[in-house]
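Enquirer: Turn these sequences into a full structure, and let the hints guide you.
If you count the sequence shown from 1, position 113 lands on 113 in our numbering, and the numbers rise without skipping.
These aren't lab readings, by the way, just hints derived from the structure by calculation.
Each residue gets a CB set at the ideal place from its N, CA and C atoms; glycine is no exception.
It is possible that part of the hints are untrue.
DEER-style ranges, computed between Cβ atoms [as the list claims (entries may be wrong)]:
1. 200 / 21: 49 to 59 Å
2. 275 / 4: 19 to 29 Å
3. 234 / 161: 26 to 36 Å
4. 239 / 161: 17 to 27 Å
5. 17 / 71: 25 to 35 Å
6. 103 / 80: 15 to 25 Å
7. 168 / 286: 51 to 61 Å
8. 235 / 188: 19 to 29 Å
9. 28 / 168: 47 to 57 Å
10. 103 / 237: 45 to 55 Å
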Amino acid sequence: MTLKQPDASALVAAALREDLGKGDVTSRWCVPRSTRARAALIARESGVAAGLGVFALAFRSLDASVKVRLLVGEGKRFRAGAVLARLEGPARPLLAAERVALNFSQRLCGIATLSAAYVAAARKGSPKARVLDTRKTTPLLRELEKYAVACGGAVNHRLRLDDAVLIKDNHIKAAGTVAEAVRRARASGLEVEVEVETSQELEEALASGADIILLDNHSPARARAAVERVRAFSKAAKRKVLTEASGGIVLKNVADYARAGVDRISVGALTHSPRALDLSLEFEVG
1 MTLKQPDASA
11 LVAAALREDL
21 GKGDVTSRWC
31 VPRSTRARAA
41 LIARESGVAA
51 GLGVFALAFR
61 SLDASVKVRL
71 LVGEGKRFRA
81 GAVLARLEGP
91 ARPLLAAERV
101 ALNFSQRLCG
111 IATLSAAYVA
121 AARKGSPKAR
131 VLDTRKTTPL
141 LRELEKYAVA
151 CGGAVNHRLR
161 LDDAVLIKDN
171 HIKAAGTVAE
181 AVRRARASGL
191 EVEVEVETSQ
201 ELEEALASGA
211 DIILLDNHSP
221 ARARAAVERV
231 RAFSKAAKRK
241 VLTEASGGIV
251 LKNVADYARA
261 GVDRISVGAL
271 THSPRALDLS
281 LEFEVG
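Expert: Pasting the structure below:
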């Protein structure tokens, strides 16, 4: 997998400032300036790699002389006990940047690992279904978290509000009707997606020219029926309309939604509820 990591320099710098304050007083008093050390990033559980470049950046931001070798490629799976990276350099910056480096790498690897699990589960229902993320991300970490989602094999939905039109219930209330909201949105020239909760809203969205139908809080059975209706409409209108499911989707039922035939499955949990992967930094002096 070839992915360009987002520029995390400003985020890493801010995180280091937050953690260091006026400096690492423990290392300053306990560790001689001349002490050199080696360290290894060890996986305590299996997972998918993401953000190891950010891990390296945390150390190099404190001391450019720190040498970091990344041993696992982004998006690659690893087993418990695997060495993901090796470091060498002055002991003080290795100790000072440790927590920030681990905070980033544990979270991003956790997101990638969870994303991979959802993708694998969805494929059991249908190899065609795509798992998407949402904008339910940690403030200011969106690009990194969506990058980690992609490392796990899932697909990025909108990065920002200016990427595409997604008409939700409150937009419909403000516009008056589904038809009026879609009519106004079509003038943007962007792809128009409409969230529907009822069969009436589904019919209005189709008749109004929506490109994507977002089936919100539908059971797998209701989603299947809606997909069949959208496919029939697409065939008659000779215009492909995509379907997307969201709401209440978890690992245990994502295959059911894929089996229902939806084109896309959006899962907020990929970024709002990942568990940090268990990684540790083993340190040796000399």
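Enquirer: Could you see if the CB distance from residue 235 to residue 188 stays within 19 to 29 Å?
Expert: 27 Å, holds
Enquirer: Take the C-beta atom of residue 28 and the C-beta atom of residue 168, compute their distance, and say whether it sits inside 47 to 57 Å.
Expert: Given a distance of about 52 Å, which is inside 47 to 57 Å, the answer is holds.
Enquirer: Given the hint of 15 to 25 Å, is the C-beta distance from residue 103 to residue 80 inside that range or not?
Expert: The hinted range 15 to 25 Å holds for residue 103 and residue 80, with Cβ atoms some 20 Å apart.
Enquirer: State, for the Cβ atoms of residue 200 and residue 21, whether the hinted interval 49 to 59 Å holds or is violated.
Expert: Holds, since residue 200 and residue 21 (Cβ atoms, about 58 Å apart) stay within the stated range.
Enquirer: With respect to the beta-carbon atoms only, verify the hint that residue 239 and residue 161 lie 17 to 27 Å apart.
Expert: 26 Å, holds
Enquirer: Do residue 234 and residue 161 keep their Cβ atoms within the hinted range of 26 to 36 Å?
Expert: 27 Å, holds
Enquirer: Could one say that the CB atoms of residue 168 and residue 286 fall in the range 51 to 61 Å?
Expert: Check passed, 59 Å falls within 51 to 61 Å.
Enquirer: Verify the CB-CB distance for residue 275 and residue 4 against the hinted window 19 to 29 Å.
Expert: Hint holds: Cβ distance 26 Å, inside 19 to 29 Å.
Enquirer: In this structure, is the beta-carbon distance linking residue 17 and residue 71 contained in 25 to 35 Å?
Expert: 29 Å, holds
Enquirer: Are residue 103 and residue 237 spaced within 45 to 55 Å by their CB atoms?
Expert: Holds, at about 50 Å.
In summary, this structure violates none of the numbered hints.
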